[in-house]
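Below are the chains, spelled out letter by letter.
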Amino acid sequence: MAKILKREQLSELVWRFRLQAPRIAKKRKAGQFIILRPTVDGERIPLTIANGDNSQGWIEIIFQVVGKSTLMLSNLPEGGEVVDLAGPLGQPTHIENFGKALCIGGGVGIAPLYPIVKALHDAGNDVTTIIGARSSDLLLLKKEMAEVSGRLEIATDDGSAGHHGFVSDVFKKLLDDGEKYDFAIVIGPVMMMKATTGFTVTAGIKTYASLNPIMIDGTGMCGGCRVTVHGETKFACVDGPEFDAVGIDWDELAKRLNSYKSFEAKRLVGDHDCKLTGKQ
Amino acid sequence: MKRRVKKTEQYVRVPMREQDALKRGKDFEEVPFGYSEEEAIKEATRCLQCKKPVCVKGCPVFVQIPEFIDQIANGDFAGAAKTLKETNALPAVCGRVCPQEDQCELKCILGKKGDPIGIGNLERFAADWEREHGEISIPEMKPKNGKKVGIVGSGPAGLTAAGELIKEGYDVTIFEALHETGGVLAYGIPEFRLPKEIVGLEIGYLEKLGVKIEKNFIVGKTATIDELLNEEGFDAIFVASGAGLPSFMHIPGENSIGVYSANEYLTRSNLMKAFLPDAETPIMRGKRVVTIGGGNVAMDSARTALRLGADASVIVYRRSESEMPAREAEIHHAKEEGLQFNLLCNPVEILSDEQGFAKSIRCIRMELGEPDESGRRRPVPVEGSDFEIECDVVIVAIGNRPNPLIPDTTPDLEVSRWGTIVANEEDGRTSKKFVYAGGDIVTGAATVILAMGAGKNAAKSIMEDLAEN
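Protein chains in written order, with the numbering used here: chain C, 741 to 1020; chain P, 4 to 472.
It should be emphasised that the hints constitute simulated quantities derived from the structure, not laboratory data.
One thing to keep in mind: the hints can contain errors.
Covered stretches of chain C (chain P as the covering partner; in silico rule of three or more C-beta atoms under 8 angstroms from a C-beta of chain P) [what the hints assert, rightly or not]:
| no. | region |
| --- | --- |
| 1 | 780 to 794 |
| 2 | 856 to 868 |
| 3 | 948 to 959 |
| 4 | 991 to 1001 |
Here a beta-carbon is modelled for each residue, glycine too, at the ideal position from N, C-alpha and C.
Construct the complete structure from the given sequences, taking the supplied hints into account.
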């Protein structure tokens, strides 16, 4: 059981929950995740830890409603409880003073990026952060990111904030301006990560991406989260979630994320007026 | 006590009634029904009550077999259950899933001329009788000694050690990584072979004795072994974390959608209850399911697939039936239910459609060559014998490797090159003081009862070492 200390809606489908979790708050490091079950008989949901406070014993998660289980989670009240919470899981991000670090986040991927930006900043890096979303109301953690980034750039698909276009456009512009980076990390939707890491890798920057495949236990037991990196099968839960972006088989990851799409669609219909499919 | 048994009946085991094979292939109800009181007495009466019972030597936890069988023969079912529990914390589980035919029953003198006594059937009967009659006996408990023991994993090894230690006055906490207790008994073995209610009740019994269970606690992540020992006041830790990492074949197409490890497939069905129509966790209900492997886990997976609505559930195994590691009874049940067996056949590639969904598996025929290091004849591929089996789900059940979470976070714990924790088989002691290990994390994937034996041995060493301390 973990008590929901604070419940906050960040955008139409995105929520931030503060959960009482003293043990996880004590041990967690940037890049790690938790698994929770919102209710008895609920699914196990893996979510990256977005923030935490050891002295007060809480962690924060930021999640987007993408299916029935995340919808159930979003409906839990402040002061209520998630029945199961386990973690911290996965390998932490390798943090050191690289010099100039580049952090790129897209959509809800901005949330797991935040603790990494903060850790890189605290380790003495000069951090440039680029965050992007479809429109300005979907841009998460703008203020928080600004506090820990030497430079913060913004891109929106519709031009409602910052650059009108993709995060990769902003990156190319920075390169053209003569900026150089020693390290990059990219988190976001699969196709955004595929495209963006393509540019950073071509520019000769050592780049990592944080992957979010389907998983159940999060401890290496099921192998459902397997991804191919440099031709080898890896388990994202224990070997990752971050991998060297050069070697990731993005198309396989994208396909595997669609494993249960028809199942999800079927069970959402009739349950509520669906904001995901647009059907009433 | 001497009993008279007709000679003709002396050598024939009382059969256990079972659910009809065709009906049960569609539901998750337990397959064998268990003995009635009359059947149990009749079977127990066959026992020769040997003065030097060799059956006991075949049991890794040394259940007092002739004693409990004698009690059943005399109608003292509660007494039989009590006798069982003196040496075995999980009799209802063991009665169902132990490979008795390779252990106690293999040694039975009756087996020389006919059927060995049905020790497993009788164990199950006594444990079930006690549970159904609500007369759960509590063993004699020593007063609390103030020593704290942590156990990693709530599978058979961990539960057994907990049962031993709690009776002797230790303060026992089990740390379980998942949201349910039982380890492989919960996520691995399906309902139709081991009802989860029974697992829950046997664990509930340990809790009643005072065993504390912390779920959602991943030792190595939530806290390390050193933190438990140095900061949280534990005097000893028993690592029984199991063989939790599934092996894959490393053939092309293995990451296609619809290709599961047996662990994932069974976890979705058993632990996450995906077999229920309104479960939150999805599972692919394949129409043509191919399971790779010949062990009990492969049988469990293929039989689960049938119950989830497969029209065809096919076992692909690279050796022949006599080399299959699965229990004979499981192979027999699987055949009765209509599983197809493609033996001497090895997968080489999984083919998928444009969206990445598996659509067939290409296999090659094998023939048996010279014996390998396991003593079994090594299968060798027959050149040019490739063929395809159409399928929409593939389950890879070729074994598990040890989970690295604890070795990786416990620097002074010696690990073998296979990733197993190095521990003495007889006493469970590891290279690290006050840390013990047993079960699959030490042996690699093995059986429930061997894990229980290891739990028992480790508990004994812990008591010895902490008494000196």
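Right, here's what the structure says about each hint:
no., hint, in the structure
1, 780 to 794, "holds (count 4)"
2, 856 to 868, "violated (count 0)"
3, 948 to 959, "holds (count 3)"
4, 991 to 1001, "holds (count 6)"
In summary, the structure is inconsistent with hint 2 from the numbered list given earlier, while agreeing with all the others.
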